[in-house]
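Novice: Spelled out, the chains give:
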Amino acid sequence: MADQNKSEGIKKVCVIGAGVMGAGIAAQVANGGTPVLLLDIVKVGEADRDAVAKGAVAKLLKTDPAAFMSKAAAKLVETGNIEDHLERIAECDWVVEAIIERLDLKQSLYKRIDAERKPGTAISSNTSTIPLGQLVEGLPDSFQRDFLITHFFNPPRYMRLLEIVTGPKTDAALAAKVGSFCDLTLGKTVVRAKDTPGFIANRIGTYWMQQAVNQAMDLGLTVEEADAVLGKPLGFPKTGVFGLLDLVGLDLMPHINASMKATLPPGDAFHATNRDVPLIAKMITDGYTGRKGKGGFYRLNKAAGKVKESIGLTTGEYAPSKPVTLPSALAKDARALLASDDKLGQFAWKTMAPTLAYAASLVPEISDDIVGADTAMKLGFNWKFGPFELLDKLGPKAVAERLEKDGAAVPDLLRKLGEGTFYKIEAGKRLFFGTDGQYHEVKVPEGVLKLEDVKRVSQPLLKSGSAAAWDIGDGVVCFEFTGKMNALDEGVIGLLGKTLSLVKAKHKALVVYTDADNFSVGANLGLALFAANIAAWGEIERSISGGQQAYKALKYAPFPVVAAPAGMALGGGCEICLHSDAIQAHAETYMGLVECGVGVIPGWGGCGEMIDRWKSAPGMPKGPMPAVTKVFETISTATVSKSAAEAKELMFLRPTDGITMNRDRLLADAKAKALALVENYAPPPKPEFRLPSAGGKTAMDMAVDGFHKQGKATDHDVTVADALATVLSGGDYDLVDVVTEQQVLDLERAAFLRLLKTPQTLARVEHMLETGKPLRN
Amino acid sequence: MQTYNAPLRDMRFVLHELHGLEKLNAFPKYADFTPDVVDSVLEEAAKIASEVLLPLNATGDQEGCVLENGVVRTPKGFKEAYNVFREGGWASLASDPEWGGQGLPESVNKLVEEMISATNCAFGLYPGLTHGATRALEGHGSEELKQTYLPKMIEGTWSGSMCLTEAHCGTDLGLLRTRATPNEDGSYRIDGSKIFISAGEHDLTENIVHLVLAKIPGGPSGVKGISLFLVPKFLPNADGTVGPRNGVVCTGIEHKMGLKGSATCQLTFEDAQGWLIGQPHKGMQAMFTMMNVERLSVGVQGLGIGEAAYQAGVAYAKDRLQGRSLSGAKRPDLAADPIIVHPDVRRMLMTMRVYAEGSRAVGGWVAHAMDVSEATDDPALKEEMEDFIALMTPVVKALFTDLGFEASNLAVQVYGGHGYIREHGVEQYVRDCRISQLYEGTNGIQALDLVGRKLPAHMGRYLRRFFHPVSEFIEANRDDAAVGKLVEQLERAFGALQLSTGQIAQASLKDPEEAGAAATDYLRLIGLVAMGYMFVKSAKIAAEKAPTANGDAGFYADKITSARFFVDRILPQATALFLAIKSGKASMMALEEAAF
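Protein chains in written order, with this note's numbering: chain D, 1 to 777; chain P, 778 to 1373.
For reference, chain D alone in the conformation it holds in the complex (with noise of 0.2 Å):
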């Protein structure tokens, strides 16, 4: 699994609590390759004593999106309870308690915990409200040496933010331990917490999503108006403030809100804010508490045909929604939203300035720097920017003098850095304003790598419309994909064939890693499309040909090529990771050679790649057929793994490639096994197939007719079915027959095309381009 990621110390956790939280936390403990224990209370009048765990387990088995990485991952969880197997705990190195938020329940179990477990072994809350000196009162000094608080957010394998809050006596060794582990083998981002309510993500946050709702019923707008405006256009998630309220679900508002009332000091701003919403307390109890209720500010009217509707914020009632866009003007400058003095102007402007102001106002109380609150806010609210990024964009001068204008206070903060920004870039070094008045360097964590930070001190070695090359040192160039959604065309494929050149020349291996979210996802099937369209079928033989030979150049460059996917890595983008001698993928990596649902096969190499990776996979039966077969059923189902362990038994990554569960690590981690692979590195042999030819072909047409008799596949998957078993069969050629890798990058090319030219396949690609959805004809 994932070893490199393994830090020292922690062999097993134990999670007490199967809770959403709870259960979600032991899972990623698992997807991390570290046993867990999970244990819970026993329930009166069960049978099974384990039930609760167990139940809390088979429900993260079903969750969507999945809890785990892998079938393997759920099987590091063991269930039990804190009756007859607290005991266990002296096998862990940390245990997590994720139980119901009360105090008197948390301490009387910390004491049984305290009284089971080995010496040194870490403690730690997922407390969202208790503060940790109210948790340790009480308990002996060596449990307050070993206990922390870890916050994490929902759904713990997605969320990458996690805070940390220890206490003053707390071992600073211990707490770098857990933290390690949590940044190494669960892949969280880090991040310190003073020990204050709400930590920080929640405290600025909770506070937004108040004044947006107070605002926008007081300035009589809309859902969707609010929605709209508290969403790209500030680089907030689409679901806004009231889409996100539905997802987080609205029953949480008010216990988060009364226990920021009773633990938050009287001058807070928050008070001022805190208001109770009658309309929210109405939908709460008609069981309108968002998507896991019957619906929330919004809900799909199924009765009058899965109609989107969004309630009235003053008449409670439901209407049909109604897309509300901004001005373009608007829509890119958050500076010309927030002076816009229409509502919707004045709505941002009185959300976000008194937002921002509460964020300032609260550095360093609840973070030593404003570093520590925009990664929070960017990783537990999936903030584009942190508060003082905004401010940096908004001018944090401007900001100040029309918070004096409306009579409200400016914060020290603000104050202090006058004309100033609160980030600055100096010779290449991106620096923040402390609180100390001065400015300071952003750290990053050794073994962490981000290409925004290279490209801050450098230009690139190469660059085209759609892709750059940069140098990233120790002799590794990492070749990127810049256009849109990272699609690939000429632009990459020609500047492949360059950074090729430039590295064979003058550096010791490639990196194929971008920073952005999805790592590409596969060939621009728009620029296809149109050249379909016009009948440009030379054009596109060319390109299909030229990606095959640029793929295939990587493949035997004389320098180590690896490739680090993360995120969506489809169709192209899979398969110049196929081509590399060694993948190191983020643990989120969804893999997949998804053309048969656009009407197409694999026509960059995929198939011979596939074929030989399962030719050579550990245990597969000899003969041509047990390797094509399992291809077939990968690539004409456009299987798509949901992790990139998944990749492995996909043999999208084969044994030896690594995963890494930090998404910041993962350029650092390629770069390492790129070099690593640098002294005496032969390229690949070329592979020979043996292919099953013409009676393969029929027992893998013959599957595909039995799927479409039972309706399961239509008319034109069969037809594509058959060309991609044309090519895995190969061809016309004999059983007895060597066929070449270019022989079989030949059947796939001529099936490409084949298929292109069908119409059902151009309504596909058609479709898809512009509903974002496969057609099934």
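None of these hints come from the bench; they were simulated from the model. One or more hints might be untrue.
What the hints assert, rightly or not - DSBU-like, lysine-lysine: derived pairs with alpha carbons at most 35 Å apart:
#1 Lys1322(P) x Lys238(D)
#2 Lys1231(P) x Lys773(D)
#3 Lys1059(P) x Lys322(D)
#4 Lys177(D) x Lys62(D)
#5 Lys1059(P) x Lys1159(P)
#6 Lys806(P) x Lys757(D)
#7 Lys1287(P) x Lys498(D)
#8 Lys1287(P) x Lys463(D)
#9 Lys1159(P) x Lys238(D)
#10 Lys484(D) x Lys508(D)
#11 Lys1231(P) x Lys308(D)
#12 Lys757(D) x Lys1322(P)
#13 Lys484(D) x Lys1287(P)
#14 Lys757(D) x Lys1159(P)
#15 Lys1231(P) x Lys484(D)
#16 Lys322(D) x Lys1359(P)
#17 Lys552(D) x Lys1359(P)
#18 Lys1287(P) x Lys238(D)
Every value quoted in this text rests on a predicted model; they were computed, and no experiment measured them.
Assemble chain P onto chain D, guided by the hints.
Specialist: Below, chain P alone, put in the same frame as chain D:
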């Protein structure tokens, strides 16, 4: 001299041999229109055109229309001709049988329209506009409106007009000022002024049904707030007779360059009663149904006038004796050779000839698609046909009218100074044809429609309906013994078209002005390739049929010659157009405005 012999043999070729009328006969809707029936329709139409309409062409031009006391008088003989036309059933030829029409395929109707345009384009506007108005009413009007108006309009006793333009807005209809205020009975009160209304007022019919674009107060601004109304000149009585005069008057007629037999009116609506057609604020949609039909008809006007100009040119070139052939006297018996012996005169005549033949073939292709799309139950086929029509509508409109105008001008050139004087009637073709490049959306607007809307639609799906058949034809016939050479030349032009298309698609993603700069050249390019494809396909058919054609052998041999001339002498323009398009907008947009 204005002369006209309907090119019936070529029309039959386009209809039957090139596009296959029998394929339409397979649809129940068109089962009755067998080749025999259709051919006799064409022959009858040819007679009406030559015998009734042609004699009124020059006189109508000279006399023009007159406005007296709010009433427009059409030129002498128009009313009698209209009655003959209407009684012969020519007004209802392509209309829906449900409302009294004869339901002829557009493939045939467009050929009849060509004959009318060739012999008296000004006259043709009156029934033409009526036909367009019935289409919009059929498509969008309420059952009651249809019952009241369609039968009368289709039989031709009432006529139609379309009222879009106002003094301050033509292309940009969002600026309209005519108002429609709801009345209590569900009708509307229409107030405003319209200009450039063809057939807006005349003495040919007992009533005129105006389709008027107006704004309902309180509706959305711009084109999204425009609604379409039916406003009759006389309010109909319950028994179908005409009743009291409605509040619409003709306040003036335009003094024009040409097309003088057609009354171009200024209309004032004052407290006029009108009825909504379709949904409120969806008027543009309803109007475009009419516009698209009209645009194709306007293209056919260009074709018809071009054909007439060609025939006039041929007649003169054979008759006029001047000088001797460069290779020695051809008619030593005469004082001089007829000018048709000269290569440069041949150049002009052949050019005019292939413009007409090529346009007729392309027009037939589009009309055939219209007929299939109307008749088919297969949604995929219908989509395919509609895509193709959408793509080709601006091409037919702009290309045919540009070529018709060029042909008219060439006819004047063949005549020399005699073309410039009224007596021979060829300068009338230049003047009459000129408007076809302007109305129903100027040809510049057509080109923008092509590159801005049609080209990028669905990632080029409309283009597929044209490019794939051409590509497949080239693939299949590259080695054809008879036409392989022509295919090779077509392929070169097609390649230029493909490259240009890709170039425009890419450049205009970054800069929409690039599409605007390429538009007119691109329209010509795709038009030339379409004609080239039609010619090579025609030549292939001709080559196949010639050996057994007996009496028709000459026709087929001439068809092959036309194809060769087009491919040799006209189609190479594709390369030049590609180079022009490729250069982009830079030099076109560089000059400072003040330097103009």
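Novice: Indicate, hint by hint, whether the structure satisfies it.
Specialist: Status of the hints after comparison with the structure:
1. Note on Lys1322(P) and Lys238(D): the hinted pairing is violated, with a Cα-Cα distance of about 66 Å set against a maximum of 35 Å.
2. Taking the CA atoms of Lys1231(P) and Lys773(D), the gap is near 24 Å; set against the 35 Å cutoff, the hint holds.
3. Straight-line distance between C-alpha atoms of Lys1059(P) and Lys322(D) comes to about 20 Å, which keeps the hinted pair within the 35 Å bound.
4. A C-alpha spacing of about 32 Å is found between Lys177(D) and Lys62(D), which places the hinted pair at or below 35 Å, so the restraint holds.
5. A threshold of 35 Å between alpha carbons decides the hint, and for Lys1059(P) with Lys1159(P) the separation of about 24 Å falls inside it, so the pair holds.
6. Using a Cα cut-off of 35 Å, the hinted pair Lys806(P) and Lys757(D) holds, with the two alpha carbons roughly 32 Å apart.
7. Distance hint between Lys1287(P) and Lys498(D) is fulfilled; the C-alpha atoms sit about 26 Å from each other, no more than 35 Å.
8. In summary, the hint linking Lys1287(P) to Lys463(D) is supported, as the alpha carbons are separated by about 19 Å, within the 35 Å threshold.
9. Our distance criterion of 35 Å between C-alpha atoms is broken by Lys1159(P) and Lys238(D), whose separation comes to about 38 Å.
10. Taking the CA atoms of Lys484(D) and Lys508(D), the gap is near 29 Å; set against the 35 Å cutoff, the hint holds.
11. For the proposed pair Lys1231(P) and Lys308(D), the alpha carbon gap of about 32 Å is at most 35 Å, so the pair holds.
12. With a C-alpha separation of about 32 Å, the suggested pair Lys757(D) and Lys1322(P) falls inside the 35 Å cut-off, and the hint holds.
13. The straight-line distance between the Cα atoms of Lys484(D) and Lys1287(P) is roughly 14 Å, inside the 35 Å bound, and the hint therefore holds.
14. Proposed proximity of Lys757(D) and Lys1159(P) is supported: the alpha carbons are some 20 Å apart, at most 35 Å.
15. Of the pairs offered as hints, the one joining Lys1231(P) and Lys484(D) holds, with about 24 Å between alpha carbons and a cut-off of 35 Å not exceeded.
16. The suggested pairing of Lys322(D) with Lys1359(P) is violated, with an alpha-carbon distance near 43 Å, which exceeds 35 Å.
17. Distance check on the hinted pair: Lys552(D) and Lys1359(P) sit about 34 Å apart at the alpha-carbon level, within 35 Å; holds.
18. This hinted pair checks out: Lys1287(P) and Lys238(D) have alpha carbons roughly 26 Å apart, not beyond 35 Å.
The structure fails hints 1, 9 and 16 (numbered hints given earlier, in ascending order).
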